[in-house]
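4 protein chains.
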Amino acid sequence: MIIVLKPEATKKEKKHIIDRIKELKLTPRVLHGTERDVIAVIGSESIISQLPLEVFPGVESAMPVLKPYKLVSRKVKPDSTVIDVNGIKIGGGKTFNIIAGPCSIEGLGMMRNIWKSIQQTGIGIMRGGAFKPRTSPYSFQGMGKKGLEIFKKIKKEFKISVITEVMDTKDVELVAKYSDILQIGARNIQNFSLLKEVGKCKKPVMLKRGMAMTIKEFLMAAEYVLSQGNFNVILCERGIRTFEPLTRFTLDISAVPIIKKETHLPVFIDPSHGGGRWDLVEPLSKAALAVEADGIIVEVHDNPENAVSDGEQSLRPYKFNEMVEKLRKTAEFMGKEIC
Amino acid sequence: MIIVLKPEATKKEKKHIIDRIKELKLTPRVLHGTERDVIAVIGSESIISQLPLEVFPGVESAMPVLKPYKLVSRKVKPDSTVIDVNGIKIGGGKTFNIIAGPCSIEGLGMMRNIWKSIQQTGIGIMRGGAFKPRTSPYSFQGMGKKGLEIFKKIKKEFKISVITEVMDTKDVELVAKYSDILQIGARNIQNFSLLKEVGKCKKPVMLKRGMAMTIKEFLMAAEYVLSQGNFNVILCERGIRTFEPLTRFTLDISAVPIIKKETHLPVFIDPSHGGGRWDLVEPLSKAALAVEADGIIVEVHDNPENAVSDGEQSLRPYKFNEMVEKLRKTAEFMGKEIC
Amino acid sequence: MIIVLKPEATKKEKKHIIDRIKELKLTPRVLHGTERDVIAVIGSESIISQLPLEVFPGVESAMPVLKPYKLVSRKVKPDSTVIDVNGIKIGGGKTFNIIAGPCSIEGLGMMRNIWKSIQQTGIGIMRGGAFKPRTSPYSFQGMGKKGLEIFKKIKKEFKISVITEVMDTKDVELVAKYSDILQIGARNIQNFSLLKEVGKCKKPVMLKRGMAMTIKEFLMAAEYVLSQGNFNVILCERGIRTFEPLTRFTLDISAVPIIKKETHLPVFIDPSHGGGRWDLVEPLSKAALAVEADGIIVEVHDNPENAVSDGEQSLRPYKFNEMVEKLRKTAEFMGKEIC
Amino acid sequence: MIIVLKPEATKKEKKHIIDRIKELKLTPRVLHGTERDVIAVIGSESIISQLPLEVFPGVESAMPVLKPYKLVSRKVKPDSTVIDVNGIKIGGGKTFNIIAGPCSIEGLGMMRNIWKSIQQTGIGIMRGGAFKPRTSPYSFQGMGKKGLEIFKKIKKEFKISVITEVMDTKDVELVAKYSDILQIGARNIQNFSLLKEVGKCKKPVMLKRGMAMTIKEFLMAAEYVLSQGNFNVILCERGIRTFEPLTRFTLDISAVPIIKKETHLPVFIDPSHGGGRWDLVEPLSKAALAVEADGIIVEVHDNPENAVSDGEQSLRPYKFNEMVEKLRKTAEFMGKEIC
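First to last, the protein sequences are chains A, B, C and D. Position in the first sequence (from 1) plus 8 gives the number in this note's numbering. Position in the second sequence (from 1) plus 8 gives the number in this note's numbering. Position in the third sequence (from 1) plus 8 gives the number in this note's numbering. Position in the fourth sequence (from 1) plus 8 gives the number in this note's numbering.
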């Protein structure tokens, strides 16, 4: 921690700061600059960073030297984490995973139709929401447990894995019984009770970045899950909120290389929410592959006109299949397998 | 709903859209413009807005005519809602409520000290967190139930009302037993399970605006609570996230007059989080009063240097007392009572 | 400057950095931390900050200790600057200046009408655009020199001062001949050629904050003007761009107390552009007064329905007059004169 | 234009609006809805959109049906524009142009060194700034005309084309004499005087998107240039300002497919400014190619440690050469030529 003092800081104020640092069993080092003094604190930054240093008389600003995350950091674990979901490898750079399915589970027939029409691509994980976070209380809120039962049948029938969202601490146990991966949505990404709860669970967790969340805060949300013992976390960039009205969100493509540099966890892109427009799904998916994301999660609906949610950003199956073929060619060219 | 067609939309595509509108028992009215056609839909907009119209072939864009919220709307209830908290009136324009206290409940002695040193202002509601949403899993997470017990003693000793945050659906019943007002924090404002749960409760609820939430979405979050039967909702603007680094958040002062025009619910400002700096609390509080906010919620700590959270933005009691006296003069000049 | 090294930085890399610092005749001080080393640079920060330190091998990050602005800083000149515009004092805390007039000068009759209908308020500076920055090349671009001639007649007839925008270095001399204050619009605020040009001029300059400009960058834009010898600069907060669609911009009310703390220059609010809605002008003006802004600049039009620009955010004269009377009462209560 | 009326709009108010529409020789069509009435205006939208409709009594909101740009629109000119710069084709989908060079021209030797060390890539356009827009008046402001003279020698020696920024209307003629492409920087993109001036010029123009500019406004800036007769415009996405601090700007990768759909003009990405970090240049360049951008403009410096500007985001020549070889492989796989 570097503490910058005000030019007018008194000796008494300096002494008070130094005393507090020493009380914490840390070492203060005072540097006399030409315009003002600086105190560098030697020792564990996690201790000193608990103090609201900018409140101390005589302090102008305090700047941390270290990053606040630990378990998620590539410095702690240099090798990329590879998560195994019933045989499918996520992370590690050899695979590009494509997860696909509708926004909401609307019925067994629809789920079966969708998978039948896209299974030719050879992918192995289906998405679909049973509990739906909707902006309006008057919109469809999801099929709940019935939706999970449908997913159970689909899993058995097609021998695939599934991912679905959990919104409430009360539902974690239930959802974990049915789903191979638990998804935490962007609106619950700082629901710390929920993060702790899925951290106690053994199932892999996909975290969606919040729409106003810095990358550092996103990594801290993952740190919550890891700190409870669950190391199987996938981070998913899905667009942040900006002033641009032509897209629902602004996909922060730079987040992928930055997060991959900082952490060992797999990183996905959600090209459906990222742009909020079906015509952007293909270019954004290609960009995801180009920047070495570990995978994408895509909304596919067999009848977008009748979708109960997110119809605007869902691909029709034939469009999805075409897109996967294009991605496969590039992925193979890059030495990666689509799965 | 106004549906704008593409210039190249075919007769068949138009017919398909018109047929779908008729199926919903709504009336389509086609307008032939000089450059493109438009279909206006007559009838309930909540029905048509469930359709993802922009996915229909031939459609360029779809623009809703009405606003999506109902129960919170001043059109439905023109009179301002006045909430009674143990005799203190919130809303209605005759009072300017000041709620004060520390970010976190840290102990009985500290809570007693703080209230003793500010009770001379005559205010009647104390804040303090027992369950704390913290960015880092390694930061202090709140005293939990013990904190609530402390609040119980403070309530009894000083005969005041209290407000505290609830973060988890599992805790709503517990927190409602102790707290006069339930607070939903900015990070849980789209935790729809939690919104529904507090909606089933009888206690007044304060909703903090999310840091990337539009005003429309904020009103929809309130609509969740009202739609469950709880009409005692206070909306609190607490700063949104922008590019400006000198403040923790950017207080959106315009939100107050806009929300008060749209809704009958009381509107507060949080000048502590709004700027994230103690030196901004007084000017932002004055601005809140100037734009006719119904109240403010302020962080006060008797020893900010040792605060376990939010020390940077907490006022010391003597500073707070000075500020209240200044606000009181202006409030009286405006014909309002501080309480 | 504080230079944080990577944990894996080699001795050779450290030596290279230290050598470069010494070459600049500055003093490096190495601090050995528990997790990584830090080099503090003693001496003029303006020299070291020219180096792209983060490019040096072994460097993780570099953090400046000082602020980059000088002449605008209250540390350099603690007393508030008071600008005299033909007898009207701007800045210094005793006055609250209200500048009013239409967005664009549309003709002599219209300008005369507007001033006649608001002169009863006793204010003394009129605004009006002759050169207009318009998003569309097909929108009205201003009356140009003819507009300035109209302003000349208005100045003479009513014995008032005027402010108008200058958009092009080629026009600075011309506009300075007619206008008492030169305005630089938000879209030209980083047109550094223009900033230098008005800096060479003797006339007071009002700078509008850019819509994506940090406060630090805003102060640096003012520094450009002062560095050329013109110290009569007024800073005007006029809203920044955020995700909120209900307002044209988000007025950053916190900018006023922050800028007043950092600099000695007067600070204004533009409540018309700040919200982009006429119904927000009054509350935002009251907020401006509450946070101790030095003045406001307001759009007033006698016939907003026919305004060639900004009709949505213009007040009608009778509304403006009512607002000034309310502001006057509060200003007098605060010991300030409206002029 | 669709005009939505307030539920309480009176007959007189409606008549007044209808009369004004008829005065403009447009046709009003009134639609009586279940909750409120709507007036659709048939006829040229550019006429009606000059009226500030939301100011009219009885009007709730007004929604344009058409887009405001014309000459840049792909509807007006469906074929992609191909710009020929001394034999190098920009736009049209068969080429991926890479423009490279330092942020600032610092001397003849340095420019020669840089080009010598990257000419093996076979690219043909060099960048370099002679007039530099710098946030601080105390930073290096560019070599000015001397820099242009250096570029003249480089052009002759290596038989290449060059691009450089013009910041002032006064310099357009001068810069156009030396440079093959004129660049308008992000900070001058709404300097409409400058846009008009380069519009009167025959040289191709590259426009950098402003950091708080919507895509619609960006296209309107291009419309300014085209409306003056210069159709050789390249649009360049270079990052927008958001709350994320780990990157200097947030590259809006979605802007590329959206702009290419709306307009016939070539679209570039600036991966150097987009992230502001040299380690992001390669992934962002790959993303640019993946989303079918027409090219990139990259900062390369032979000695970033000593760069007078933008050292942090400049690639060293050998890194640049490696990157071009990777991009070339992918480009060839996509059937595109790098030039």
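Possibly wrong hints are sitting among the right ones.
Heads up, the list lumps identical chains together, so a pair's fine if it works in one copy or across two of them.
Stated by the list, open to error - DSS-like mimics (lysine-lysine), calculated; alpha carbons at most 30 Å apart, straight line:
no. : residue 1 : residue 2
1   : Lys75     : Lys327
2   : Lys85     : Lys327
3   : Lys22     : Lys269
4   : Lys97     : Lys337
5   : Lys14     : Lys85
6   : Lys14     : Lys327
7   : Lys178    : Lys20
8   : Lys210    : Lys185
9   : Lys20     : Lys204
10  : Lys19     : Lys83
Don't read these hints as lab results, they were simulated from the structure.
Here's how the hints hold up against the structure:
1. Lys75 / Lys327: Cα proximity of Lys75 and Lys327: across copies only (28 Å, versus 43 Å in one copy).
2. Lys85 / Lys327: Answer is between; shortest inter-copy Cα gap is 27 Å, intra-copy 39 Å.
3. Lys22 / Lys269: Between copies, since 23 Å is at most 30 Å while 38 Å is not.
4. Lys97 / Lys337: Answer is both; intra-copy 20 Å and inter-copy 27 Å each pass.
5. Lys14 / Lys85: Cα proximity of Lys14 and Lys85: across copies only (16 Å, versus 39 Å in one copy).
6. Lys14 / Lys327: Between copies only: 21 Å across, 61 Å inside.
7. Lys178 / Lys20: neither (53 Å within a copy, 49 Å between copies)
8. Lys210 / Lys185: within (11 Å within a copy, 34 Å between copies)
9. Lys20 / Lys204: neither (43 Å within a copy, 44 Å between copies)
10. Lys19 / Lys83: between (39 Å within a copy, 20 Å between copies)
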